[in-house]
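Full structure from sequences and hints, please.
Chains as they are written, first to last, in the working numbering: chain A, 1 to 321; chain B, 322 to 1122.
Distance condition first, Cα-Cα at most 27 Å in a straight line; then the derived BS3-like pairs of lysine-lysine:
| hint | chain 1 | residue 1 | chain 2 | residue 2 |
| --- | --- | --- | --- | --- |
| 1 | B | Lys1085 | A | Lys22 |
| 2 | B | Lys1106 | A | Lys22 |
| 3 | A | Lys22 | B | Lys1078 |
| 4 | B | Lys522 | B | Lys747 |
| 5 | B | Lys765 | A | Lys238 |
| 6 | A | Lys22 | B | Lys985 |
Simulated coverage check for chain B against chain A, where a stretch passes if three residues somewhere in it have a Cβ under 8 Å from a Cβ of chain A:
| hint | region |
| --- | --- |
| 7 | 1017-1026 |
| 8 | 1103-1110 |
Label-pair restraints from in silico Cβ distances:
| hint | chain 1 | residue 1 | chain 2 | residue 2 | range |
| --- | --- | --- | --- | --- | --- |
| 9 | B | His990 | A | Cys20 | 23 to 31 Å |
| 10 | B | Ile671 | A | Ser32 | 56 to 64 Å |
| 11 | A | Asp189 | B | Gly763 | 39 to 47 Å |
Hints in this document: simulated from the structure, not taken from any laboratory.
This one's a predicted model, so the numbers in the text were calculated from it and none came from an experiment.
Don't be surprised by glycine CBs; every beta carbon is placed ideally from N, CA and C.
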Amino acid sequence: MSIKLQISSVIIFCLLAASCEKAIDFRGEEQSPRVVVVSEPEPDTNLAVRLTYSRFFLSGSRFSVIGNADVKVVAGGVTYTGVFDDSVYVFPYSPAEGDSISLTVRMQNGGEDTVVTAATRMPHRPSVTVREAVGDNFRFVLNDRPGERNYYRMQVQSIDTTVICYDSEGNYVYDSDDPSVVSRDTVVDTTSQFFTCSDAVITSDATAVLNFEGQENYYVLIFNDEMFDGQNREITIKCEGNATMEYYKSSVRKSVSSRIFLYIEALSKEAYMYELSRYKQQEGDIFMTEPVQVQSNIDGGIGVFGGKATSVVELGTVGDR
Amino acid sequence: MVVKRTFVILLFLLQFCCLSAQTVSGVVTDRQSGETLIGATVVDKRSGKGVLSNSYGFYSLPLKADSVSLRVSYVGYTPYELDTVLAGDMELNVALRSGVELKEVTVSAERVGSHRSSQMSAVEMPLEHIKAVPVLFGETDVLKALQLLPGVQSGTEGTSGMYVRGGGPDENLFLLDGIPLYNVNHLGGFFSAFNADAVKKVTLYKGSFPAHFSGRLSSVVDVATNNGNDKEYHGSASLGLIAAKLAVEGPIVKEKTTFSLSGRRTYADLLIQPMMALVSATSELSTTAGYYFYDANAKITHKFSDRSRLYGSFYMGDDVIYMKFKTKEGIMYGANYKEYMKLRYGWGNIVGSVRWNYVINPKIFMNATVAYTQYRNKIKLTMDEDFADGANISKYEGEMSYKSGIRDITAKVDFDYAPSVNHNIKFGANYMHHIFRPEVSGTKQSFYENDEGVETTFDLDTIIGQSVVHAEELNAYIEDDWSISEAVKVNGGVNLSGFYVQKKFYPSIQPRLSARFLVTPDLSFKVGYAWMTQYMHLLSNSSISLPTDLWVPVTARIAPMQAHQVAAGAMYSWSGIADFSVEGYYKYMNNLMEYRDGASFWGNSVGWEDKVCMGEGWSYGVELLVQRTIGKFTGWVGYTWSHSDRRFKREGQMINNGKVFPAKYDRRHDISIVLMYKFNKKIDCSLTWVYSTGNMATLGLQEYEGEDGSRVTYVESRNNYRMPSYHRMDASVNFHRKLKHGERTINLSVYNLYNRKNPFLIYKKEGTISTNSTTGEMYPSSLVKVSIFPIIPSFSYTFKF
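So this is what it looks like as structure tokens:
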């Protein structure tokens, strides 16, 4: 956190500490709940749509699920009807890459006939080629499809194999070479990871978190190909996984290895607008950032109906290989 | 051939007209102090022709007739009258005696803001009114007084930010003796940088800007400071609730060279030091901390002759937060441990200028100025840490610094030219070299550890930041205050400007027009138009002024802001009673800057151009003002109805999906009532009541469950909720008493008399979560308003000698 941010936070804190608070009545029009559509279909997976009602922001009610709507999708000239099952509408239809899908919801809302529509086009799975893995640095190439605007979301996960050592009394032993160690357990975890990336284009919309060495770390990157349309974009990231002896020095676990996986999603434009605005809203601060409007492509309602397609690529292993 | 002959004849006649006019010129001053009087009226009662003295007290009145009846007047002074026969150009320096002017003489009342002046959308704020208006903590504040005028809105509770006719806080040009001041706020904007003890005159222009002003879209606040008494030494000392002030003035060489010094400083930090020392005495840490602000004005004036004067002005003001702590000698953490930390965060302005007035001839007055102005913001943090425990030693030394700011070097020349009875021409040019220093952060760290023979060292010395940006700005202008007839007066002009930055040149031609139609001697209609261009922006992401606010220039990607404003209105002067005015305006603004969704400048400004969107805005409204400036009972009542919208729909720069949304400070109604009553020479009092519709805020009125089961706040549109209205009453009373060597004044005032909890900001307070943290039942949330200032009584003691 920069000095400027720290000092400004202190000033704001002092101001607010010296202030007084009072609950006030909401003086606007209390809006009736809106129909919410949430669905991010993926190729080769049965399409599912969740319908709920939104709630007024000051109410404490649950998010009510809508189970009595007539929900249909049209893809390739064929109409499919959703079946309500365990709080979602499931369709006997698995989208393929490139499919255009339109959604129509008809229902009664507050005594009135309500029609909600949305449309999306399924993206193609991103093509990634791994080039190099050296220590915790990984270099790969994102092969962008030419001639169309493509949108991506990138995250890194690790599968960590760690060993926990015990002595004869069942206590944790921090040093695995300690002669008191009588037993070991091997634990495998899957963890989302922070990673560093110096590509200014793909990190332009991301909020960085500084690590102990003052480097900018990211949890997720959401970007588009405007600056590299049709190109093979070489990207280098650094991710330690959990296989760092320093980090675990005072911890019970001694990590043996971390397998690093790249999760890269191609997003439809609708999904991209939603995910990016959602990310900015989550990263923002009520006092310190401009308010964020989460984008919606639902006509007559709110939410998201946007296709995505995921590629998972193993980049390499950090620690014992 | 005919055309050529006609032109020659016209030229001859014109010269004859000019030659036949005789000019009365001179300087109007205060008889007691020698202080020049700005805007004094000089009129020939026989012809009805008159002029105002300029910013240096100089006037030039061309008259055709030989026999004249001159009257020189200024509010609060006994008029001077002279009947004479002009045998040629006449130099007449007038020293007015202060006294009570029972009624304004309508023929001569052409001061800025009056119904007879060609200038509209302008208000001259008498200094007595500024000093009489009760404000926060009893401190007189120029900008707080201006916020009480129609068309001028304050930002959030207690701050000095000005939002004039729908414009933002960085769209106001603050001039201190003609030189721009960038940061006019102390203490987060709760006090302005103008020390009223140093101020001579304040004029606010909200529209129809004369051509000699440029650089900001929405307003010009022209503040002139005192020159100093050229006959006697005088001064004042004042002690208030939070600040102490001292002002002295007098002659260095009688009636030739004068000085004026004034300063103030808050002292709350000094008062708490003994308490902190007491706490430190009983703890393991020795701590000092505090906050203060100060400002100092200095001016020297030298009169070479009646035609030539030199002025040297200096202003310096700073806000400082400081903190220092160190561990005492002894044992901590089971070892010898010493830690020292020192933080100093300072921000403020320095302005220095040298001006030379010269009366070239009775018709032409010249002012040449060179000036330097600087706003800087600097943080320095120093840390030392030593630890020793037997064979284990560690030492850490660190220093972090941050600075940013802007510096200007200015050279300008201005001329006042009165070629004839009906024309008063101003022209001039100025050059400014801007040096923008965006943020630079430096870190030096040095670490050494010896852990039972194992040594570790770490050294870091790095600087991160942006390079300095240089920009050049040129302005040239010409304007003519032309009395077409007794009834019609027009001020027309043009300002030509250019801004060169990052190999990009932005030219601008800005026409200005203001016209007055005198229906009766007391009633006038006015119209005005102004095109303004602004070449710099203030990056600020909060509602209060913070030291982290950053001035940045336009760039190759970010074009200058522009505004077109038309206004029309009527003014009626009920002689000896009050002045009435009603004015309507419409303003269109282009290339406005607003931050993208989710953007923040709390981190750093690197890549700021990618965080902003460019768009447009409209504001329109009607302003009513009833003002009384003479007599025992003075004050004003102002009402504004206004509307202000924004739209950002450019490709890749959309806000609110490209739809129109209200500006943050779009307030439908604004009322100010300021009443001042002078019982006698010993007691006077004032009462202020203000009301305004609440600010706009952005609230997500709906929530829904997202794709990952977490809660999503749905914001339908920006600035979609109106906060509760703001209203407040302040009262103040002064008790004056003459003492042996001067006069003392005790001021008692109360801010927020009925303790209204006005909203500073509102936010949603989450209700208690019962079961499932994302979709489960919750106890209802509530909308909470945060208020800052309750009822605040204050007291001050002032001694004038």
